[in-house]
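Please put together the full structure from these sequences, using the hints given.
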Amino acid sequence: MKDTEIPRAVAAAVDTAAEYGLGADDAAVLHNSNRIAVRLRPSGVLARVAPLAHRLDFEVEIARRLAGTGSPVAGLDPRAEPRVHVRDGFAVTLWTYYEPTAAPENHPPAAYADALARLHAGLRRINFAAPHFTDRVADALRVVEDPAVSPDLGAAERALLTDTLHGISRAILDRGTRQQLLHGEPHPGNLLATADGPLFIDLETACRGPVEFDLAHAPEDVAAHYPGADSGLLADCRILSLALMVSWRWDRDDQLLDGRGKGREWLAQMQADLDRREHAAGGGH
502 MKDTEIPRAV
512 AAAVDTAAEY
522 GLGADDAAVL
532 HNSNRIAVRL
542 RPSGVLARVA
552 PLAHRLDFEV
562 EIARRLAGTG
572 SPVAGLDPRA
582 EPRVHVRDGF
592 AVTLWTYYEP
602 TAAPENHPPA
612 AYADALARLH
622 AGLRRINFAA
632 PHFTDRVADA
642 LRVVEDPAVS
652 PDLGAAERAL
662 LTDTLHGISR
672 AILDRGTRQQ
682 LLHGEPHPGN
692 LLATADGPLF
702 IDLETACRGP
712 VEFDLAHAPE
722 DVAAHYPGAD
732 SGLLADCRIL
742 SLALMVSWRW
752 DRDDQLLDGR
762 GKGREWLAQM
772 QADLDRREHA
782 AGGGH
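Residues 502 to 786 in this note's numbering are what the sequence shown spells out, letter by letter.
Derived by calculation from the structure, the hints in this document are not laboratory data. Possibly wrong hints are sitting among the right ones.
Stated by the list, open to error - The list that follows gives simulated cross-link-like pairs (lysine to aspartate or glutamate, EDC-like), each with its CA atoms no further than 20 Å apart:
hint	residue 1	residue 2
1	K503	D754
2	K763	D774
3	K503	E721
4	K503	D759
5	K763	E606
6	K503	D589
7	K763	E658
Structure (structure tokens):
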């Protein structure tokens, strides 16, 4: 979200919470991307605020349906209506704020894997229409195949990303692995260490696919603790997740801090993984 919009967005969060008698003497922006996360004190509310075009209703509905499954997810604030609130041109949702007990990089791998497996079990219990992971691939291809959208992407990198997005997604589908509703991006930044145990946040990226697509977003040592993970499929999903992340970084409208620097780093990692994949397919010769 643009810096000039943030004061109005914060005011929308404060005013929305006030409708439910949830005080906000202090409002601190914790995160800014395509939406902002605002901690409201002393009410213990985490408000998410985005432009009206953003699909906050999608995330709210998944959270509502997961509420009765015992899944390890951060919940909507029970003191407010579980819906998207519209105020001053913004969409606002109100969530319970959980005080982190550890940094994201310090999640024990076994606990991380257990939380992800329990989340997947909960997601299998709810009936919810969501995009397929290939829809995300199609979105990325629209970025890398159109120089007007990604004007700074070099020709060689454009060709590599296009081939990787097409080829690896096809290889994943050709395996015929069972697919289900997923978190979509359960990376360490979307897993909170709390007094209630590890809790996943940011369900807006939910999609359908094999569980390995989710597992590819977690640190590599988590996979050893996830029951029944297919190592070959996981390796392909890791390459695909890197290709997706790199693609977004060359979108002309990308606002991630040092996005291009991260994109170059991830592109080099993706190339190394592709080289290892080709080497393994050739029998090591």
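* Structure versus earlier hints - violations, ascending order -> 3
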